[in-house]
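Given the coordinates of chain A, assemble chain B with the ligands onto it according to the supplied hints.
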Amino acid sequence: MKYLFYPGCSMQRSAKPYLDSLKLVEKTLGLESVDVEDWNCCGATEFSSVNRTASHAIVGRNLALAQEQASGTDELVAACSACYLNLSKTDHFMREDADFNALVNDALSAGGLEYEPGSVKVRHSLDIIVNNVGYDAVKEKVTKPLSGLRVGAYYGCMIVRPDVNERFSNPEEPYELEDLLEVLGAEVVDFKMKTQCCSGHMTQISSEVAYDMIKQIVKPAVEEEIDVLVTLCPMCQLNIDAFQNEMNKHFGTNYEVPILYFSQLMGLAFGYTEKELGIGKEFVNVSPALAKIGKTTEEVPTPKKKKKSKSDPSLPMPKMPIHYRGGS
Amino acid sequence: MANSKTPSGKPRIGVYVCHCGTNIAGVVDVEDVANWSAEELKDIGVVLSRDNKFMCSSQGQELIESDIKEFGLNRVVVAACSPHLHEKTFRGACERAGMNPFFCEMASIREQVSWVTKDKKKATEKSKSMVAGAVNRVVYHEALEPIKVPINPTTLIVGGGIAGIQAALEIANTGHEVYLVEREPSIGGHMAQFDKTFPTLDCSACILTPRMSEVGMHPNINLLTWSEVENVDGFVGNFDVTIRKKSRCVIEEDCTGCGICVQKCPITVIDDEFGVGIGTRKAIYTPFDQAIPNYPVLDKENCTYFIKGTCRACEKFCATNAIDFEQQDEIINVTVGNIILATGYDLFDARKMPNYGYGRYPNVFTSMEFERLCNAAGPTNGEIVLRDGVTAPKSVAIVHCVGSRDKNHNNYCSAICCMQSLKFAHIVYERTGAEIHNFYIDIRTTAKNYDEFYQRVLDEGTLFVRGKVAEITDVPQNEAEEGKLIVQAEDTLAGLQRRIPVDMVILSVGLEPKGDSDEVAHQFGISCSSNGWFTEKHPKLDPVSTMTEGIFIAGCATGPKDIPASVSQGSAAAARVISYIEMGELELEPVRASVIEEICSGCKICNDLCPYNAIIFIEDKQVTEINEALCQGCGTCVAACPAGAIVGTGFSNEQILAQIEGLMMDFSVPEVV
Ligand SMILES: Cc1cc2nc3c(=O)[nH]c(=O)nc-3n(C[C@H](O)[C@H](O)[C@H](O)COP(=O)(O)OP(=O)(O)OC[C@H]3O[C@@H](n4cnc5c(N)ncnc54)[C@H](O)[C@@H]3O)c2cc1C
Ligand code: SF4
Ligand code: SF4
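The listed protein sequences correspond, in order, to chains A and B.
Its first residue numbered 1, the first sequence is counted upward by one per residue in the working numbering.
Its first residue numbered 1, the second sequence is counted upward by one per residue in the working numbering.
Hints are supplied without guarantee of correctness; some may be wrong.
Unchecked claim - List of simulated lysine-lysine pairs, DSS-like, C-alpha gap at most 30 Å:
#, chain 1, residue 1, chain 2, residue 2
1, B, K88, B, K540
2, B, K514, A, K319
3, A, K310, B, K484
4, B, K308, B, K352
5, B, K468, B, K537
6, B, K394, A, K219
7, A, K89, B, K514
8, B, K308, A, K319
9, A, K215, A, K249
10, B, K122, B, K53
11, B, K246, A, K319
12, B, K468, A, K215
13, B, K540, A, K310
14, A, K281, A, K295
15, A, K319, B, K468
16, B, K468, A, K219
17, B, K148, B, K42
18, A, K310, B, K394
19, B, K264, A, K319
20, B, K394, A, K319
21, B, K604, B, K148
22, A, K310, B, K264
23, B, K407, A, K121
24, A, K310, B, K308
Said to hold, decoys possible - Chain A regions said to be covered by chain B (calculated; three or more residues, Cβ under 8 Å):
#, region
25, 133-142
26, 170-181
The set of hints was computed from the structure by calculation and includes no laboratory data.
In this text, a Cβ means the ideal position worked out from N, Cα and C, and glycines have one as well.
Looking at chain A on its own, in the form it has when it is part of the complex:
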């Protein structure tokens, strides 16, 4: 499969390991990704509240470039959640609102560009991997299953909300990442905070608010004995990783939850080395967690679904669709 790839700023610097590992994963899965040439920053999270037209025009420029450069594909893929959301939103607003479309295109025309909304399909790398490549094809490539590693899928908020193109299973309780991690052989924990906001740029605006939000994610991860949180967003990775120590200082706690990109875990399962995948640059040391891989923990016999005894007074739980993990 071929697609255009929009790298975005984060993945050039702080999230370089995300890009590096993703490229290796793409290679293994036979995904042919071509970078959009001459792309610019997507405006991150705040700009749209400062100047709506300008913020969408700069995203519109990327869409226009993609439209121009698209050949043999109409898919535009981003891996950073903010980039993905901004591209989706601009395309969506331009599609829904003819006046706004004209306004943005007017701005684009200053640079000799034009974008016809809907002409490229904005996708996230995870969406491509689970929906186009598919779990079976991923499974085939797994050479070193991640058995023994307890992982929590952490989506963050931007990839699933608002999911204007309805690419994911559910805005509050998605399950794609969990399914993928399961295919990689990891032990997937039902991580309740999986779609909570990591606090975004709050670290720069009001650190107290940010620390509180980070703690809300880290603390339950510790309580669930999660070895590694798995993210697909550079912002989430940065906040949970780089600010965990500050947060600990602020609350007098000593939580230690490493966080990696899903592509890094895929890379490990595909047999790449930690170094190739950019692992080792984190603030929170991930080595102790990764050392568990392959070491089968003591087989805890899965409790047999015991038949409800006559004396058990409890009421039955509601029936849930197949795609629900966890529960009590």
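Coordinates of chain B with the ligands only, in the frame set by chain A:
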């Protein structure tokens, strides 16, 4: 007779342009339209044209009548509201003046013009076009005589909830026969599941079961439960209905309802229907003790005999040999004159809002689960406890509007959930003394004695938070939240984010149309609103009729409502049916389509298009035929027939083309710059 009403010679048309107070005159220059018509349309035959404040008033009608007599009018065009509203009125006026009513035509310059624009100039122009269209069309009108159909006095009622029960009793008590078809093993509907009913808090079973047994014993009611309508043919006065009576594996004539089979059946399963997943039942069961009828149903999917071929305990113990494992479905054909659909509602699936944790957190309950929980005949004998079955909650949150008034789910208000939530608050207060928080968007307690009930619940100390709940979680942020469910909501009155830890959450899920409402509507040839509720003929003036003659609707099938409103609609629908039965025969609009057999090629293109199922294909002759009484004259088939084999009385090609020609007439006066 037709002669006296058939205009001879040239058309002499009167045009009447209505002001409708300011409804039309506020936007359309009615005087200009009238004058213009008199001047520009006189070649077509307009002999006089007037404007009038209220054409539908008796003075307006008399004007038409006297003009017909004085000026020898033989055709009338009224430019006013939609023909839905007043076509009958103006046709009546014409008829009184001795004219065949079908020489009267309306142009809808209110609904289609003044109500949908603010541009006065364009509105006036469009009104002129529409009048020109109507005038041009009416020239080609013919005298028509109404179609008369006899009414079969038997009635079919589908759905045995409180609305259907009420309708059945009303009709049966007038001495007419009723078939009441209910899909579940017993009648009673949702009301049978409740403990108490707001606002009076009388026990639901106590007020419902006497009505149920009355139905069961009524000599004029043929009760068919565990049954479904398979097919409906025919038309008002004469519907042929096929009903499938599903096999219960119990011979009704022999069963005494002793219940020993239920008692002896070794298989207990979760009751997902009546017990909404928190109760249990046997593989052979009646849904509840007071079920009507009281003979059980055998659930083949769970019965050991049907799975493994052994057991037959029920058969062994049945004293009257009423168990019949070989029993087959039975097909019953009945002919009825009228049909009432009282199929009720379904509930919003709380799993669609995963942020509320239903199905993930054991102590999040739906409203219907709670009804069962607090019901003395429910799984805990009325004890209000957590999902563990023993612990009484010390604090309870009740969340209003779950899935209602929510643009992600149902945009409408479910009407009963406020009162139902208040009812729950009262029951929890009375039986557990727990602290209660109600989370609401607005409190809507508009019916009789409802707001008083709200005041009472306020006085009892229930706490109210005005704000939509964002999330329910079990992830604590502090010690007070440990082990609790935390309800997070914006308190829009205090301007605060609140996190309130509780033991139990009840989600007041909204009402939804039945999952199969579209199919049922199609089966009976009626329509559903965009939300899926059955559409009334007129939402205000004819709320229990449908656009299909002889098909009536009642209760929650038309939209969310409480028990009093459902019962009123049951009675209203019954009254409509009884009046049809008393009339003995019904006059139908003669505006109909018919097939010219010689031209029909049998291509069947029209066959599936009719929204009223009026088209049938005659296999012997390989031609299509249209049922005169079922046809509502919508014209879909006329337009669709590639051979031009279908003609519409009242909407012939000639008439429609003339109307289009009129609409497109170029009358614009060149603007002078
Ligand atoms: C939790 C809760 C509490 C409530 N409490 C109160 C209260 O205290 N007071 C109050 O006034 N109102 C209350 N209501 C509202 C009340 O339930 C309704 O007003 C009332 O039940 C409507 O009656 P119905 O006959 O229209 O529909 P239903 O009760 O839904 O009955 C419809 C019947 O039709 C049957 N049916 C459906 N489709 C078919 C088919 N195709 N063929 C054959 N049979 C079919 C169904 O099986 C059912 O038996 C409450 C509602 C809820 C959800
Ligand atoms: S045991 Fe026989 S008579 Fe008694 S309820 Fe069952 S089927 Fe009817
Ligand atoms: S045969 Fe089936 S219904 Fe009868 S007692 Fe056995 S399991 Fe129950």
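- Message: Checking each numbered hint in turn, tell me which of them this model violates, lowest number first.
- Response: Violated hints: 4, 5, 7, 13, 17 and 25; rest satisfied.
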